[in-house]
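Peer 1: Here's the letter readout for the chains.
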Amino acid sequence: MTATYKLVQWNRHKRVYDVALTLACTGYLATFVAVGLAMPEPGRTVGTEVLAMRALGTLAIVLLHLILIIGPAARLTTLAAPLLYNRRHLGVTFFLVALLHAIIALGFYGGFGVRNPISSVLAGYASYGSASGFPFEVLGFAALLIFFVMAATSHDFWLAILGARFWKTLHMLVYVAYALVIAHVALGPLQSEPSPVHGVLLILGVVTIGTFHIAAGIKELRTDSSAIDADDQQWIDVADVGDLDDNTASVVCLRSEERIALVRHDGSISAVSNVCAHQGGPLGEGRVIDGCLTCPWHGYQYRPADGQSPPPYTERLATYAVRIEGTRVMVNPKPNAPGTRVEPARIAGSKESS
Amino acid sequence: MNERTEQDPMYVGYLPLPTRHRVFLALLIPALMLALIGTATLIAAGQRDPGPAMWNASEERAWSGTLITTPYPMLIEDDGTTHLIVEMGKRGAHERSTLGPDPRAAEVHGYELRRSGRRIIELAPDADAITITGPPARAHTPNELGPGTVRGEIVDGKCFLGAMKPGDGKAHKSCAILCIQGGLPPMVAVRDDPFDPTPDEILLLLVDGSPTLSPELLELVASPVEIFGTRSRLGTLGTIDASPNDIRPLP
Ligand code: HEM
Ligand code: FES
Numbered sequence: 226m227t228a229t230y231k232l233v234q235w236n237r238h239k240r241v242y243d244v245a246l247t248l249a250c251t252g253y254l255a256t257f258v259a260v261g262l263a264m265p266e267p268g269r270t271v272g273t274e275v276l277a278m279r280a281l282g283t284l285a286i287v288l289l290h291l292i293l294i295i296g297p298a299a300r301l302t303t304l305a306a307p308l309l310y311n312r313r314h315l316g317v318t319f320f321l322v323a324l325l326h327a328i329i330a331l332g333f334y335g336g337f338g339v340r341n342p343i344s345s346v347l348a349g350y351a352s353y354g355s356a357s358g359f360p361f362e363v364l365g366f367a368a369l370l371i372f373f374v375m376a377a378t379s380h381d382f383w384l385a386i387l388g389a390r391f392w393k394t395l396h397m398l399v400y401v402a403y404a405l406v407i408a409h410v411a412l413g414p415l416q417s418e419p420s421p422v423h424g425v426l427l428i429l430g431v432v433t434i435g436t437f438h439i440a441a442g443i444k445e446l447r448t449d450s451s452a453i454d455a456d457d458q459q460w461i462d463v464a465d466v467g468d469l470d471d472n473t474a475s476v477v478c479l480r481s482e483e484r485i486a487l488v489r490h491d492g493s494i495s496a497v498s499n500v501c502a503h504q505g506g507p508l509g510e511g512r513v514i515d516g517c518l519t520c521p522w523h524g525y526q527y528r529p530a531d532g533q534s535p536p537p538y539t540e541r542l543a544t545y546a547v548r549i550e551g552t553r554v555m556v557n558p559k560p561n562a563p564g565t566r567v568e569p570a571r572i573a574g575s576k577e578s579s
Numbered sequence: 190m191n192e193r194t195e196q197d198p199m200y201v202g203y204l205p206l207p208t209r210h211r212v213f214l215a216l217l218i219p220a221l222m223l224a225l226i227g228t229a230t231l232i233a234a235g236q237r238d239p240g241p242a243m244w245n246a247s248e249e250r251a252w253s254g255t256l257i258t259t260p261y262p263m264l265i266e267d268d269g270t271t272h273l274i275v276e277m278g279k280r281g282a283h284e285r286s287t288l289g290p291d292p293r294a295a296e297v298h299g300y301e302l303r304r305s306g307r308r309i310i311e312l313a314p315d316a317d318a319i320t321i322t323g324p325p326a327r328a329h330t331p332n333e334l335g336p337g338t339v340r341g342e343i344v345d346g347k348c349f350l351g352a353m354k355p356g357d358g359k360a361h362k363s364c365a366i367l368c369i370q371g372g373l374p375p376m377v378a379v380r381d382d383p384f385d386p387t388p389d390e391i392l393l394l395l396v397d398g399s400p401t402l403s404p405e406l407l408e409l410v411a412s413p414v415e416i417f418g419t420r421s422r423l424g425t426l427g428t429i430d431a432s433p434n435d436i437r438p439l440p
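Keeping their order, the protein sequence lines are chains A and B.
Offset between the first sequence (1-based) and this note's numbering: plus 225.
Offset between the second sequence (1-based) and this note's numbering: plus 189.
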């Protein structure tokens, strides 16, 4: 465990984020119930428990779409960074909404009877071979289990315990859970709702998510295709000094799929791993703030020369040797152990600020 | 090399919000809120009409007539109006000790459920919700109408007549099965259009004379089915009696 997870703590942005999120959720639920009670003729309104179940279920799936769009959106434009910053709260809120939906479904459809509510909803029928007999509740349950594990391990405390790779794999399961939720709706309520609204919105949702991911994927591929072949080379030419602005960073892709963040700061150039030690954010898209390379995702900071977070934090990045030949920046592609100090390469004619 | 297009300050959560992010969020947040309200309106307004079902759970009433227990507990008033009798929750009334085997005059207390001329009394929770008042006023024999085929959906009568809205369809399948397992009356909502909120007829379903469904038939609850059987009329209640092989799923 490190001290760093304290960095991403309460602050004004998070409070604004949470207030907006709470307003959005209550606004959605209130509108759904009000319209549901007002629409049909008197005496033909949908029952209140069913209305609540539907309001919560559909709010959950809307929030899930937002969550899944924010990732690729942040890769496409840095404007989306504020949405990414507090995505964990969005995730946990989503989980609580979905959980409430499931509890009402289990209690109302499964309760008051001669059997255990859970077994009567999840094992009351099981014609897996037909659309009208497929137990769609089981799909929702499986998705909810995945969301539970994700919500429970979403705090950086768990990231530190489980390790970034395992944690990330765990969180990739969200796509499995998303598919389960889509099937949950398609094999459940969609089977008995005549209005095309549900189906059309569902397809629209899947297409939107797909489009964002494909667009972000294409952008990644472009970056990769400009990768530099580093095999057997001692030093590789990665950039021109003139391409780098002061206090900014930029990404260098090597064919070996390694990525390096070049940082220009204080008249010198340093090179560290592009992968943030927090959740793998792209450091080469960050900036230098207060003398530290700052991650664009949650603001973790590293000193350019040794890749270390300033005390009391203990995160470390691999560093790379850098030198300047004429106006060309040369990097040695062999990473140094995380936290190894490397003398920054001075840019001829530039002066140190202090 | 990755080209850098913008030189404006980067967003960092714990630092003041840069202007371009402020502008972006000032547009995005209201737009998202509107989209959310719009989505809620669209989905809520697109819900299926649950039909003209009514459950008067706040007003206890009394009915008198002839009480019979086969094929299903029911009260037939003197004018023929027929009420199926069930317990609170998802349970039938078969276990009431006051229900003797023979038709007898009785007074019944409880709450009314009603839909398209079909009626159910949900018994009040007290032990004397059924009081036997004497011998039968009038004998009731089923009026057999002959064989026929109907298409529709097997529902549990209590939910469909008003305890749940909607009380039919796939979303409600597990509940309907639980209800029928608990002894609530299996009924057939007869309709050509599976989404029609107002079925032509709601029949009590009997399988070889009994309102109990086998596990295989329970799987067909809340799905479109075709039933070939003998139709009868008991008071104002229509029934269909079929053998298990004559109840088939429709594609
Ligand atoms: C144990 C877990 C779950 C159970 C038992 C369950 C049960 C149900 C039931 C019975 C319905 C039909 C409601 C009705 O129309 O009457 C439903 C609908 C729905 N569920 Fe779930 N669900 C579960 C988990 C989830 C999860 C995790 C999501 C995630 C987003 C979800 C999203 C939805 C949606 C969007 C609908 C459609 C609402 C509508 O009918 O318009 N469910 N669920
Ligand atoms: S700060 Fe979270 S990934 Fe870099």
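Please keep in mind that the hints were generated in silico from the structure rather than gathered at the bench.
Mixed in with the good hints, there may be bad ones.
Covered, in the sense of this in silico footprint (three residues per stretch, anywhere, with C-beta under 8 Å from a C-beta of chain B), are these stretches of chain A [to be verified]: (1) 240 to 253; (2) 279 to 293; (3) 327 to 339; (4) 354 to 365; (5) 500 to 506.
The beta carbon of each residue, even a glycine, is placed where N, CA and C say it ideally should be.
Peer 1: Take the hints in turn and mark each one as holding or not.
Peer 2: Comparing the hints with the structure gives:
1. 240 to 253: Since three or more residues must qualify, the claim that chain B covers the segment 240 to 253 of chain A holds, with 5 doing so at under 8 Å.
2. 279 to 293: holds (count 6)
3. 327 to 339: With 6 residues close enough to chain B, the hint holds.
4. 354 to 365: That given contact holds, which follows from 6 residues of the segment 354 to 365 of chain A lying within Cβ reach (below 8 Å) of chain B.
5. 500 to 506: violated (count 0)
Checked against the numbered hints listed earlier, the structure breaks hint 5 alone; every other hint is satisfied.
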